[in-house]
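Since chain A is already given, all that's left is putting chain B on it; use the hints.
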Amino acid sequence: MLILVGSNHRSAPLDVRERMSFPLGRLPGVLARVHKLDGIAEALVLSTCNRVEILGWSTGEVEAATDSIKRFLAEAHRLSLPEIDEYTYQLAGADAARHLFGVACGLDSMILGEPQILGQLKQAYRTASEQGTVGPTLDRLLQHCLSTAKRVRTATGISRHAVSVAFAAVELGRQIFGRLDGRDALVLGAGKMGDLVARHLVSHGVRSLWFASRTYTNAVVHAERVGGGAVPWEEGLARVGDVDVVVSCTGAAQQVLSKADVARATRGRKRGPLLLIDIAVPRDIDPRVNEIDDVYLYDIDGLQNLVDSNLEERRGAAEQAKRLIAREVAAFERWRRGQQVTPLIVALREGCLAVGQQEIERFRPRLGDLGEKQRQAVDELIRAVIQKILHRPLRHLHGAVDRGDVAECGELYRSIFGVADPPAVEGPTGAPSADPPSPGPSRLIRGGRDAS
Amino acid sequence: MTANPFLPVSLVGYVLAIVAVTLRTVYRADAARRVASTCFVATWLVHLGGIVHEALRVGRVPPTTGAEYLLLLGWVVLSLHLLLWFRANVELSGLLLAPLAGVLCLAAMQWLGASAPRTERAVDGWFLVHTSISTIGMATLCVAFAMSVLYLVQDHALKTKRTLALLARLPSLERSDQLGHRALLVGFVLLTLGIAAGVVVIAEARARPVVVGAKLILPLLAWVVFAAILVARASFGFRGRKAAVLTITGFVLGLATVVGMTL
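Just so you know, the sequences run in chain order A and B.
Just so we're aligned, residue 0 is where the first sequence starts under numbering that gives the first Met the number 0, counting upward by one.
Just so we're aligned, residue 0 is where the second sequence starts under numbering that gives the first Met the number 0, counting upward by one.
Hints should not be assumed to be uniformly reliable.
Straight-line Cα separation of at most 25 Å, DSS-like style, residue types lysine-lysine; simulated pairs [to be verified]:
| id | chain 1 | residue 1 | chain 2 | residue 2 |
| --- | --- | --- | --- | --- |
| 1 | A | K258 | A | K269 |
| 2 | B | K160 | A | K258 |
| 3 | A | K387 | A | K372 |
| 4 | B | K158 | A | K372 |
| 5 | B | K158 | A | K269 |
| 6 | A | K387 | A | K121 |
| 7 | B | K160 | B | K241 |
| 8 | B | K241 | B | K158 |
| 9 | A | K149 | A | K321 |
| 10 | A | K258 | B | K241 |
| 11 | A | K69 | A | K35 |
| 12 | A | K149 | A | K35 |
| 13 | A | K149 | A | K121 |
| 14 | A | K69 | A | K149 |
| 15 | A | K269 | B | K241 |
Listing some non-contacts, in silico: residues in chain A with all C-beta distances to chain B over 10 Å [to be verified]:
| id | residue |
| --- | --- |
| 16 | R16 |
| 17 | R25 |
| 18 | R70 |
| 19 | E129 |
| 20 | F176 |
| 21 | K269 |
| 22 | G271 |
| 23 | V354 |
| 24 | K387 |
| 25 | L393 |
| 26 | S414 |
| 27 | F416 |
Rather than coming from a laboratory, the hints here were simulated on the basis of the structure.
The C-beta atom is built at its ideal place from N, Cα and C for all residues, glycine as well.
Just chain A, same shape as in the assembly (with noise of 0.2 Å):
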């Protein structure tokens, strides 16, 4: 059965996920030990910084599986058993594999609907496969989980809008201008919240970006580690009516840009409208400047209204994509559970086809000289009545699944066919009894709170 352990923002305080978290160049010797562990077959770590997951696939009993994943954590993070409890949350079956497809869609993120997890998720997939410890479970668990991530991004647009305030801003200015990359930029002021919001600027394609301060050095510090030219003040304000986007971010008593300035600087202007972002706290930019035409200005509070509303967005959106999951983790399951009959049909199917070669070989002295097609004839003559033959009672043998008399049916079909118990392997075709026919509800909260 598939199982989960893990620690997240919800669960654990900081100091604790610190402690918790594995480096990213320790992964490969942690899923080996944890590949070691008792009653793992398949394993996977995702160790990010607001959340550290170990995925396992259990061959044998998940409660014992999951204390040695417990005990593993508590070994290697120099915790007490006790602390594990109380910090880590334990999922098994359904629930570890809706909590999956939850974290790769971001719904279970600090920022709800952020991107960057799914990134990281391949990439600990990908470690694992190198490592060895992904198996056909987990393999065809991440692979459904990662597409069903990228369907979610797409269907519901999570992710679309901003919930930061800088990124606020540039959506703004995306929202005005299309696109930034070709555009001009000022930056007023010397504060990390206007670097931010530059930043953000020049990672989608302004042209050219400016910072004027008071203290001319401060503008040229900004610039050299953000990337752009410096101004003195007063030829900073000068500008204002020559670029495109103005960041405000000063330290001001009083405002730096009244109406006038504004309305004087635009006019008879050609490049377009003008959008001013007032980060700054007295504001810096009289608000009144937001009457005149082809000027946009937000304030901090304007930008922060935006994000609440992206929220609230994103909350819908959510609504949307946990009915998604729900419907991708079912047909998961119905795909997992239909793995525990397989072995039984393999070996049905290759016992039938062995007694049809037997009868072949037997009967060929009597069939007398046959060409290559007419042997190739006789063959499928024989393989088509065996899989005519075997149609009914192996469609009725998948029904068993979604029956939940897979044990029974199996014993009847083995004794019937004379089919002997088909080898264990590891995994879910090797192991047609380690779960309970009809599994339910699985999740296993001992300690710790519930992540979903």
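What follows is chain B alone, placed relative to chain A:
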């Protein structure tokens, strides 16, 4: 009412397409966009079928009557909307241009057969030049109108700090402005040529110099408004909200000319 069997079908197509665009706008559903695209293309074909049917019925190349003009204008407006929809990806034109084209089609349905055809003498080369150019010019001005409306909506949303989710459904301000400006430029040139051809038609019909009457005042007023916008933009960067409002005003004057001509 006309017996043209294509037009009621095209009206149904317009309604379905507009419903699909509305669903697409509200729920951002890809399926709704696919349905809307199919409806638009099908409606375009059926509407074209209606024009051909009408031409075959009366035995003349349209438009020779006000109703035919409306029918053709609606189809050209829909054609330009399809350009915006597929090439420029301006989906909201489906909530402006498509209903406009639908209303023009409906009006044409009402008046087809009721409006008197011109005499054969009047339907000469100059008349066809005048009506053809005017139709395309007016349709292009419809695009300028639609983009101006979108500009005003976007401008209002930005000024009043509406949510980004709403803004995301609109084209950027610059895009609305550029598309509207281009449409206005082309529409203005065609309107100028259309008015010139119209003057020749009136002069030929009356066999005497044209006196500026009611029929010429409205298009001339629209022409003056559009010329003022274009000159002001080229000279001192006149654009934005006021330019959008003036474009809409000019378009309304142009539309009044069309309605006056049809009635």
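| message | Could you work out which of the previously given hints the structure breaks and list their numbers from low to high? | response | Violated hints: 4, 6, 12, 14, 20, 21 and 22; rest satisfied.
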